[in-house]
Amino acid sequence: MTATTVLTPSSVIMRAARGSDGDALRRLARLDSKPGPRGEVLVAEVDGTIDAAIGLDDGIVIANPFKPTASLIALLELRAGRSKRQKARRGLAERLRPRLAPRARPA
49 MTATTVLTPS SVIMRAARGS DGDALRRLAR LDSKPGPRGE VLVAEVDGTI DAAIGLDDGI
109 VIANPFKPTA SLIALLELRA GRSKRQKARR GLAERLRPRL APRARPA
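Quick note, the sequence shown lines up with residues 49 to 155 if you use this note's numbering.
These are computed hints drawn from the structure, not numbers from a lab.
Hints are not guaranteed to be accurate.
[Unchecked claim] Derived DEER-like restraints, expressed as beta-carbon distance ranges:
#1 P113 / D71: 13 to 23 Å
#2 R127 / P57: 17 to 27 Å
#3 S119 / K82: 18 to 28 Å
#4 D105 / P57: 25 to 35 Å
#5 D106 / P57: 12 to 22 Å
#6 D106 / G67: 30 to 40 Å
The beta carbon of each residue, even a glycine, is placed where N, CA and C say it ideally should be.
Please take these sequences and the hints and turn them into a complete structure.
Written as structure tokens, this is what we have:
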């Protein structure tokens, strides 16, 4: 008999960390021997387990050193950069507001 190996794709979810992720993030930081990220955090979850995370405020990246996480980190960094740009970008209404504001008329 010949043994066959079946590889199934893992599901990867990138999302904002929730309060309930605190223990998992602390565990991951200890495993990676790094301080945990502070403030807003994006996580990469593979098959229901957080394998990598990045702090949007401090840029600290933590990842499971026993799993191949380089691609997860790259995706998190790409997403984090996009999030920062979106926060920095002003909307059209905000840019036009000074032009649309009514002028005060002299009395």
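Taking the hints in turn, this is what the structure says about them:
no. : hint                   : result
1   : P113 / D71: 13 to 23 Å : holds (19 Å)
2   : R127 / P57: 17 to 27 Å : holds (20 Å)
3   : S119 / K82: 18 to 28 Å : holds (19 Å)
4   : D105 / P57: 25 to 35 Å : holds (32 Å)
5   : D106 / P57: 12 to 22 Å : violated (32 Å)
6   : D106 / G67: 30 to 40 Å : violated (18 Å)
Comparing the model with each numbered hint stated earlier shows that hints 5, 6 do not hold.
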